[in-house]
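Peer 1: Sequence positions in the sequence shown follow the working numbering and run 160 to 251.
Any given hint could turn out to be false.
[Unchecked claim] Derived DMTMM-like pairs: lysine to aspartate or glutamate, alpha-carbon spacing no greater than 25 Å straight-line:
1. Lys196 to Asp218
2. Lys180 to Asp168
3. Lys161 to Asp219
4. Lys161 to Glu222
5. Lys196 to Glu209
6. Lys180 to Asp204
7. Lys180 to Asp237
8. Lys185 to Asp219
9. Lys180 to Glu203
10. Lys161 to Asp218
11. Lys180 to Asp191
12. Lys161 to Asp191
13. Lys196 to Glu206
14. Lys180 to Glu198
15. Lys180 to Glu222
16. Lys161 to Glu198
17. Lys185 to Glu222
18. Lys185 to Asp227
19. Lys196 to Asp227
20. Lys185 to Asp218
21. Lys185 to Asp168
22. Lys180 to Glu206
23. Lys180 to Asp227
24. Lys161 to Asp227
25. Lys180 to Glu209
[To be verified] If you anchor each label on the Cβ, the simulated ranges turn out as follows:
26. Asp191 to Asp218: 17 to 25 Å
27. Val175 to Ala223: 28 to 36 Å
28. Ser187 to Trp207: 35 to 43 Å
29. Gln172 to Thr229: 20 to 28 Å
30. Pro217 to Phe186: 16 to 24 Å
31. Ala231 to Ser187: 17 to 25 Å
Derived from the structure by calculation, the hints contain no laboratory data. No experiment lies behind these values; they were computed from the predicted model shown. Here a beta-carbon is modelled for each residue, glycine too, at the ideal position from N, C-alpha and C.
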Amino acid sequence: SKVRCSTRDGSAQSGVDYYPKSRVLKFSPGVDHIFFKVEILSNEDREWHESFSLVLGPDDPVEAVLGDVTTATVTILDQEAAGSLILPAPPI
160 SKVRCSTRDG SAQSGVDYYP KSRVLKFSPG VDHIFFKVEI LSNEDREWHE
210 SFSLVLGPDD PVEAVLGDVT TATVTILDQE AAGSLILPAP PI
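Put together the whole structure using the sequences plus the hints.
Peer 2: Printed below as a string of structure tokens:
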């Protein structure tokens, strides 16, 4: 069975926050999972956590049937933002 898996920008942008990736995953008989690694890029920008998606498709799978879930969200945790708290400014 074969199905394409690709990254899709959300608040995280390809080429800035992660390397974009798209490839056809080939499942041999009896195989029920395959690792799909996406490289996260480190930058000095202080940002809040950002996310992108992994999408199965849009091509029809070959000799496979996709279930209801064809998209997964990946969140990139910004270490500088961890523990940060922003309070609203008091009225003037």
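Peer 1: So, for every hint listed, does it hold in this structure?
Peer 2: Structure-based check of each hint:
1. Lys196 to Asp218: Holds. Lys196 to Asp218 sits at ~20 Å (cutoff 25 Å).
2. Lys180 to Asp168: Holds: Lys180 and Asp168 sit about 11 Å apart, inside 25 Å.
3. Lys161 to Asp219: holds, 9 Å
4. Lys161 to Glu222: Holds - the C-alpha atoms of Glu222 and Lys161 are around 7 Å apart, at most 25 Å.
5. Lys196 to Glu209: holds, 17 Å
6. Lys180 to Asp204: Holds, at about 23 Å.
7. Lys180 to Asp237: Between Lys180 and Asp237 the Cα gap is close to 21 Å, so the pair holds against 25 Å.
8. Lys185 to Asp219: Answer holds: Lys185 to Asp219 is near 13 Å, not above 25 Å.
9. Lys180 to Glu203: holds, 23 Å
10. Lys161 to Asp218: holds, 10 Å
11. Lys180 to Asp191: The hint holds at about 21 Å.
12. Lys161 to Asp191: holds, 12 Å
13. Lys196 to Glu206: holds, 23 Å
14. Lys180 to Glu198: holds, 9 Å
15. Lys180 to Glu222: It holds: about 23 Å lies between the C-alpha atoms, which stays within 25 Å.
16. Lys161 to Glu198: holds, 23 Å
17. Lys185 to Glu222: holds, 10 Å
18. Lys185 to Asp227: Between Lys185 and Asp227 the Cα gap is close to 20 Å, so the pair holds against 25 Å.
19. Lys196 to Asp227: holds, 22 Å
20. Lys185 to Asp218: holds, 14 Å
21. Lys185 to Asp168: holds, 24 Å
22. Lys180 to Glu206: Roughly 23 Å separates the two Cα atoms, so the pair holds.
23. Lys180 to Asp227: Measuring from Cα to Cα gives roughly 22 Å; hence the hint holds.
24. Lys161 to Asp227: holds, 17 Å
25. Lys180 to Glu209: At roughly 17 Å apart (the allowed maximum being 25 Å), Glu209 and Lys180 satisfy the hint.
26. Asp191 to Asp218: 17 to 25 Å: holds, 20 Å
27. Val175 to Ala223: 28 to 36 Å: holds, 33 Å
28. Ser187 to Trp207: 35 to 43 Å: The hint (35 to 43 Å, Cβ to Cβ) holds, given that Ser187 and Trp207 are roughly 41 Å apart.
29. Gln172 to Thr229: 20 to 28 Å: 22 Å Cβ-Cβ, so the 20 to 28 Å window holds.
30. Pro217 to Phe186: 16 to 24 Å: For Phe186 against Pro217, whose Cβ atoms are near 18 Å apart, the range 16 to 24 Å holds.
31. Ala231 to Ser187: 17 to 25 Å: holds, 22 Å
Against the hints set out earlier in the document, no violation occurs for any number.
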